[in-house]
Amino acid sequence: MTNILAIERLTKTYDNGFVALKGVDLAIAQGEIFALLGPNGAGKTTLIGIVCGLVRATSGKVTVDGCDIAADYRRARQKIGLVPQELATNQFETVLEAVRFSRGLFGKAPDPVHFERVLRDLSLWDKKDQRIGALSGGMKRRVLIAKALAHEPQILFLDEPTAGVDVELRRDMWEMVRRLREKGVTVILTTHYLEEAEDMADRVGVINQGELILVEEKHALMRRMGQIRVTIGLAQKLEAPPEGLSDLPLDLSADGTTLSFTQKGEDCDDRLGALLKTLVARGIEFRSVNSERSSLEDIFIDLVGRRR
Amino acid sequence: MNVYAIRAIYINELSRTWRTLYQSIASPVISTALYFVVFGSAIGSRMQAIDGVSYGAFIVPGLILLTVLTESVSNASFGIYLPRFLGTIYELLSAPISAVEVVIGFVGAAATKSVILGLIIFTTARLFVPFEVVHPVLAFLYLVLLSMTFALFGFILGLWADGFEKLNLIPMMVISPLTFLGGTFYSIDMLPGVWRQIALFNPIVYLIEGFRWTFYDIATLAPLISLGLTVAMLAACFAVVVWIFRTGYRLRN
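Those sequence lines, one after another, are chains A and B.
Residue numbers are given in our numbering: position 9 of the first sequence equals residue 9, and the series is strictly consecutive.
Residue numbers are given in our numbering: position 13 of the second sequence equals residue 13, and the series is strictly consecutive.
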């Protein structure tokens, strides 16, 4: 798959000396959903800001579908849509005026059919003639998405899109993201709701203190860095953990009725399978098997915490 | 050139005028009409003619400029400051638009509003004071040029200001007093010695003199000096705007 976004050795030092980005390299494939995670002040918004033209990079290179964002900014920016973190809207405009204005800014003639499709997708069509100031916070968020999609971008940046948004709207929004992906749109999102990233993203990047400390396919990441905790309820009491399983850090509960172990790494499932086979082979009966996998959130906290 | 973007900004800005019709058009027209009633009809009829022009007619060009200059600055400064204040500036900065296109959109709209305002005031003045314009085409072109120049200056002000107070500071505390003292109500030849010399440091004097020349073909100062100064101001403001966009001053952090 070709890369729609390529970032090379990107740095940003603000006038006050704060180093927001320290040589970030990143490539995003066309049509993928990429989640950029990081604590507050990690550099997520600066990174997005540079790609979108809001912030000037100190050094480095960014290309969008082969177009340099500095030398060929017109073609590069035409391919990008941005939904900012803040609810920045002109309260006095109507929804349709706002969407029409956005499309015009990106050099495209008004397209009533596209406007209707976008507004209907976001459940805004019946509010198209309402002033934005009269809408709820969630609806304003939808207007920002509609504005970002007004010029049919190839890459959509969603900077904390579900912050302060109710559950229903959040679900609708992710439905829309899935539909965009089906149309080939690349979606790059930052979110504090890590379960959303876990649910939606193809790949995950973790940025901390201006450094991209990890970029990995989500499932591979969870296999590699995740851990599984297995608890086996035994039918009979054991005096000691079964012998011959010394490679597994097995714990036997004080009452001898529960075996448990915690395993990190990719071969958790294989290990569990081997353990159960061994128990059966030795005639040790069990009543229940429970397993708990760590979430992306656990991995994220572990990763970022280690670097502090 | 991103013509759609220019059009979008231009229409968006004019729509703002339409939404605030009273503040944008009615209020300045009524204020200026009061000057014509007081100085043109009531007091003007008892004043001596200046250079063969009745006092009521003499003050018309200056009063038109008094409104046009302040409104050009206010409209353009507010036009670009509002997106900065609301945070919607992100859209302009992330769009495929050059600095020149942004300026054409904002300054074009502000200048258009000011020219319309100038024409309304001109028409209103005719209701109170009889006068004829000797060079109507030149008068119109000069009005357009002045509107563009001061709208461009207002655009810089809107980029520089970090609060509404600063936004109002220049039109209220600088442009208005300079226009009042720039020969709106008198010819600078009427000023005694040293005050005349001091008045020559006021750039608005030259602009009003030039505009009055297009009306009545009378001028204390050479009209070409007025034109040259206006063009120089326009060029200087444009250069500053280009510098702001190149460096990202107060725009791109």
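Among the hints, erroneous ones may be present.
Said to hold, decoys possible - Part of the chain A face toward chain B, derived, beta carbon under 8 Å:
1. Lys61
2. Ile80
3. Gly104
4. Ala109
Rather than coming from a laboratory, the hints here were simulated on the basis of the structure.
We treat Cβ as the ideally placed atom computed from N, Cα and C, and that holds for glycine.
Hint check:
1. The closest approach between the C-beta of Lys61 (chain A) and any C-beta of chain B is roughly 17 Å, which is over the 8 Å cut-off, so the hint fails.
2. The interface hint given for Ile80 (chain A) holds, since its Cβ lies 7 Å from the closest Cβ of chain B, which is under the 8 Å cut-off.
3. For Gly104 (chain A), the interface hint holds, since its Cβ comes within 8 Å of a Cβ in chain B; the closest pair sits about 3 Å apart.
4. The criterion of a C-beta within 8 Å of any C-beta in chain B is met by Ala109 (chain A), whose closest approach is roughly 6 Å, and the hint holds.
When the structure is compared with the earlier hints, a violation turns up for hint 1 alone.
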